[in-house]
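Q: Respectively, the protein sequence lines represent chains P and X.
Its first residue numbered 1, the first sequence is counted upward by one per residue in this note's numbering.
Its first residue numbered 116, the second sequence is counted upward by one per residue in this note's numbering.
Hints are supplied without guarantee of correctness; some may be wrong.
To be verified - Short, incomplete list of chain P residues facing chain X, as computed with Cβ under 8 Å:
no., residue
1, Val16
2, Glu22
3, Ala25
4, Val71
5, Ile102
Derived from the structure by calculation, the hints contain no laboratory data.
All values derive from a computational prediction rather than experimental measurement.
All C-beta atoms in this analysis are idealised placements derived from N, C-alpha and C, irrespective of residue type, glycine included.
Chain by chain, the residues:
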Amino acid sequence: MKNFGISIREVENIRVLDISGELDAHTASQLENSLKSLIDQNEICIIVNCKGLDYIASAGLGVFMAYIEDVRGMGGDIKLTNMNERVYNVFDLLGFPTLYDIHDDESEAVTGFNN
Amino acid sequence: MATSNNTYSLSVEASTSQLAKVRDFVAEHAERLGLSEKEIGNIRLAVDEAYTNIIKHAYKNIPAKPVEIELGSDNSQLWISIKDEGESFDVGAYNEPDIKARIKNKQRGGMGVYLIRKLMDNVQYNRSGHMNEIRMIKHL
């Protein structure tokens, strides 16, 4: 069975979540728990690096929808990076690129936080 | 209706733990029909969204409820039928999601039906007795 994986690292005081595998209604809670835990610790500069993400369904996008307002209200952001074409296409179909800060590469998102 | 040459079926319980299995089932058969990787990806997602809606809305996350998935094709189309015995979906009451407003209100969901319509060529909802059916068609 295919899996979903998530790990957290730190880059210049930014928390980077590396997510991989398939993000659907079954695995979305793992991402949700990680995001929630960061926000609870007031870690609000967050990058979600989707390099290893093979698949996303709307339940996965729903996690980002639930927390972005809180994070931005606290002065932070959730930036998304390194999506493959298939994953980006799902975000695009729902109009996310105008609502979220999405970058081709993680370094651009880091720069975005530092400016 | 055109005669179907090949039909395959899969019975699963309504559980998100079965999502990957359901997606792989339809992808495997779509691949045999020679569909492109992008089209197969679209079908995987449409089926995922339809099945997830059944789990969450028709059966309200009650486990061990039956879902029947049937896939068939002829020379002109691939069709996928997903049947459940839960609460029926009122397609007439459905509005396209305003994502911006939903984010503002910290709401999620409501995107599956929209995606299914975008990804498939034709989508029908049928109710027969106590059975709901969503039938999704992709032209070949």
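Q: It remains to establish, for every hint, whether it holds in the given structure.
A: Verification of the hints:
1. Val16: With a closest approach of 22 Å, the Val16/P hint is violated.
2. Glu22: Since chain X brings a Cβ to about 6 Å from Glu22/P, closer than 8 Å, the hint holds.
3. Ala25: This hint holds: Ala25/P lies near chain X, its Cβ roughly 5 Å from the closest one there, short of 8 Å.
4. Val71: Given a least distance of 11 Å, the restraint on Val71/P is violated.
5. Ile102: 14 Å, violated
In the structure shown, a violation is registered for the earlier hints numbered 1, 4, 5, in ascending order.
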